[in-house]
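Protein chains in written order, with our numbering: chain A, 1 to 239; chain B, 1 to 239.
Honestly, the hints are just simulated from the structure, not real lab data. Among the clues, some could well be false.
Claimed, not checked - The list that follows gives simulated cross-link-like pairs (lysine to any residue, SDA-like), each with its CA atoms no further than 25 Å apart:
| # | chain 1 | residue 1 | chain 2 | residue 2 |
| --- | --- | --- | --- | --- |
| 1 | B | 48 | A | 194 |
| 2 | A | 79 | B | 196 |
| 3 | A | 16 | B | 194 |
Stated by the list, open to error - Computed, partial: chain A to chain B, Cβ under 10 Å:
| # | residue |
| --- | --- |
| 4 | 20 |
| 5 | 28 |
| 6 | 134 |
| 7 | 135 |
| 8 | 139 |
| 9 | 152 |
| 10 | 183 |
| 11 | 193 |
As the list claims (entries may be wrong) - Stretch by stretch, here's where chain B covers chain A in the computed footprint (C-beta under 8 Å, at least three residues):
| # | stretch |
| --- | --- |
| 12 | 156-165 |
| 13 | 203-211 |
Because the structure is a prediction, the values reported are computed rather than measured. For every residue, glycine included, the Cβ atom is placed at its ideal position computed from N, Cα and C.
There are 2 protein chains.
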Amino acid sequence: MTIAGAVIGLDIGGSKTRGIRWLDGTAEADASGGSANVQNVSRTQARKNLEGVFARLRGGPISEVVAGSGGIDTAHDAKALTELIQPLAPGAVVTVVHDTRLLLAAADCSSGIAVIAGTGSAAWGTTGGHHARAGGWGYLLGDEGSGYWFGREAVRYSLERMNHGHPADELTQALLEACGIPGPEALIALFHSGAGRQYWAGMSRLVFEHAATGHPAALEMIDQPEPISPRWRQNARNN
Amino acid sequence: MTIAGAVIGLDIGGSKTRGIRWLDGTAEADASGGSANVQNVSRTQARKNLEGVFARLRGGPISEVVAGSGGIDTAHDAKALTELIQPLAPGAVVTVVHDTRLLLAAADCSSGIAVIAGTGSAAWGTTGGHHARAGGWGYLLGDEGSGYWFGREAVRYSLERMNHGHPADELTQALLEACGIPGPEALIALFHSGAGRQYWAGMSRLVFEHAATGHPAALEMIDQPEPISPRWRQNARNN
Numbered sequence: 001m002t003i004a005g006a007v008i009g010l011d012i013g014g015s016k017t018r019g020i021r022w023l024d025g026t027a028e029a030d031a032s033g034g035s036a037n038v039q040n041v042s043r044t045q046a047r048k049n050l051e052g053v054f055a056r057l058r059g060g061p062i063s064e065v066v067a068g069s070g071g072i073d074t075a076h077d078a079k080a081l082t083e084l085i086q087p088l089a090p091g092a093v094v095t096v097v098h099d100t101r102l103l104l105a106a107a108d109c110s111s112g113i114a115v116i117a118g119t120g121s122a123a124w125g126t127t128g129g130h131h132a133r134a135g136g137w138g139y140l141l142g143d144e145g146s147g148y149w150f151g152r153e154a155v156r157y158s159l160e161r162m163n164h165g166h167p168a169d170e171l172t173q174a175l176l177e178a179c180g181i182p183g184p185e186a187l188i189a190l191f192h193s194g195a196g197r198q199y200w201a202g203m204s205r206l207v208f209e210h211a212a213t214g215h216p217a218a219l220e221m222i223d224q225p226e227p228i229s230p231r232w233r234q235n236a237r238n239n
Numbered sequence: 001m002t003i004a005g006a007v008i009g010l011d012i013g014g015s016k017t018r019g020i021r022w023l024d025g026t027a028e029a030d031a032s033g034g035s036a037n038v039q040n041v042s043r044t045q046a047r048k049n050l051e052g053v054f055a056r057l058r059g060g061p062i063s064e065v066v067a068g069s070g071g072i073d074t075a076h077d078a079k080a081l082t083e084l085i086q087p088l089a090p091g092a093v094v095t096v097v098h099d100t101r102l103l104l105a106a107a108d109c110s111s112g113i114a115v116i117a118g119t120g121s122a123a124w125g126t127t128g129g130h131h132a133r134a135g136g137w138g139y140l141l142g143d144e145g146s147g148y149w150f151g152r153e154a155v156r157y158s159l160e161r162m163n164h165g166h167p168a169d170e171l172t173q174a175l176l177e178a179c180g181i182p183g184p185e186a187l188i189a190l191f192h193s194g195a196g197r198q199y200w201a202g203m204s205r206l207v208f209e210h211a212a213t214g215h216p217a218a219l220e221m222i223d224q225p226e227p228i229s230p231r232w233r234q235n236a237r238n239n
């Protein structure tokens with residue numbers, strides 16, 4: 001198949017956007033910028049970040065853009081992102097899909113299960129024309145197992161200990177040091193003060209580091225089996 | 001005890017601020033305005049809402065202001081709110097406490113357990129000089145059993161059904177109609193689009209209405225025993 005002009009592929013996550021420019025089947029340029037997920041950042045910020053990536057990719061006419069992004073759940077979501085991309089690639093065919101769709105395609109698989117666990121999280125599987133999805137609901141509704149989710153669990157654990165009158169343990173101490181605050185009670189205001197998803201996703205490494213040294217609660221966070229109540233999950237399944 | 005000038009009492013919740021002006025032990029004025037919880041709204045908005053309440057309370061010199069608010073977890077939090085109140089009551093003694101502290105005082109109890117379940121949630125108990133607290137962590141970290149939390153649970157339930165390929169049931173249908181959207185997949189963007197805590201707290205009534213008619217998942221949401229993993233709660237307690 002011959003395509004006149006370049007093809008741009010975009011992978012848009014909760015923290016960054018990565019773009020690759022292909023010409024005649026060869027990757028010619030590779031550039032990254034901030035997130036352009038329009039559910040994570042403002043439209044203005046998303047446009048600016050996309051402009052940055054396209055500027056760094058340079059090159060001539062673009063015939064096609066394929067973008068995978070978190071937060072693409074409806075035709076309306078896809079249209080909103082398409083409208084940001086189209087002016088950067090005049091005349092190109094722009095296709096926007098949920099970012100889970102990129103993984104199996106990249107692995108050249110027609111069936112399988114794709115799992116994303118970055119700042120946010122989602123899973124999507126397909127086989128024999130059937131599709132199934134779990135998660136990808138965004139940080140306010142889910143994203144279990146994401147970086148943000150682990151960072152928040154570390155905060156919740158530290159507050160739970162505080163409520164029980166216990167001193168800060170190793171995990172809490174590491175968290176307080178990383179945040180530059182004196183005690184767990186200050187975590188509440190810090191968490192609601194606008195320290196963003198990427199900030200707390202960055203704290204997830206503390207959970208993994210402490211799990212590696214056998215910290216029971218850190219191990220438990222990684223192993224947490226049911227973020228949704230088992231009984232109402234049952235109701236959601238059966239009714 | 002004689003106090004020259006009025007005493008103002010403020011109850012500052014996630015959705016509104018209520019103020020009462022007392023003179024010589026008699027309530028003389030009662031006024032409400034928007035939230036002045038500086039973790040819920042901007043400082044500018046909090047100042048504006050407080051100005052509105054004080055303007056509606058009218059009256060002469062104020063000798064003392066006692067304010068209870070969610071989000072007052074540290075001396076720094078109390079100072080930030082005090083600084084907003086002080087210019088509205090020049091020369092007055094301003095005391096800021098966590099809003100749970102208001103309840104036992106209002107009931108004239110020196111020991112007991114105060115539970116708040118409004119837009120947010122918190123519990124605080126005291127007996128024999130000992131204090132204990134649960135919750136009051138704010139909407140990003142907890143607030144289990146709050147209006148916002150129930151609204152979010154209804155959204156999560158509807159998305160869980162969607163993931164399992166089920167049609168909208170009565171609860172989901174009621175939620176979609178209240179939100180004015182065609183399908184559950186649009187809930188994800190709506191939830192992250194800036195529809196606020198009060199908006200979702202308002203949806204909590206759907207959970208209670210459906211629980212009253214025996215909807216299994218709505219009943220389950222109300223009965224949900226463990227928003228925090230039982231095992232790491234155990235770790236938080238014991239280590």
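We went through each hint and held it up to the structure:
| no. | hint | result |
| --- | --- | --- |
| 1 | B:48 x A:194 | holds (21 Å) |
| 2 | A:79 x B:196 | holds (24 Å) |
| 3 | A:16 x B:194 | holds (22 Å) |
| 4 | 20 | violated (27 Å) |
| 5 | 28 | violated (34 Å) |
| 6 | 134 | holds (6 Å) |
| 7 | 135 | holds (8 Å) |
| 8 | 139 | holds (8 Å) |
| 9 | 152 | holds (7 Å) |
| 10 | 183 | holds (8 Å) |
| 11 | 193 | holds (8 Å) |
| 12 | 156-165 | holds (count 8) |
| 13 | 203-211 | violated (count 0) |
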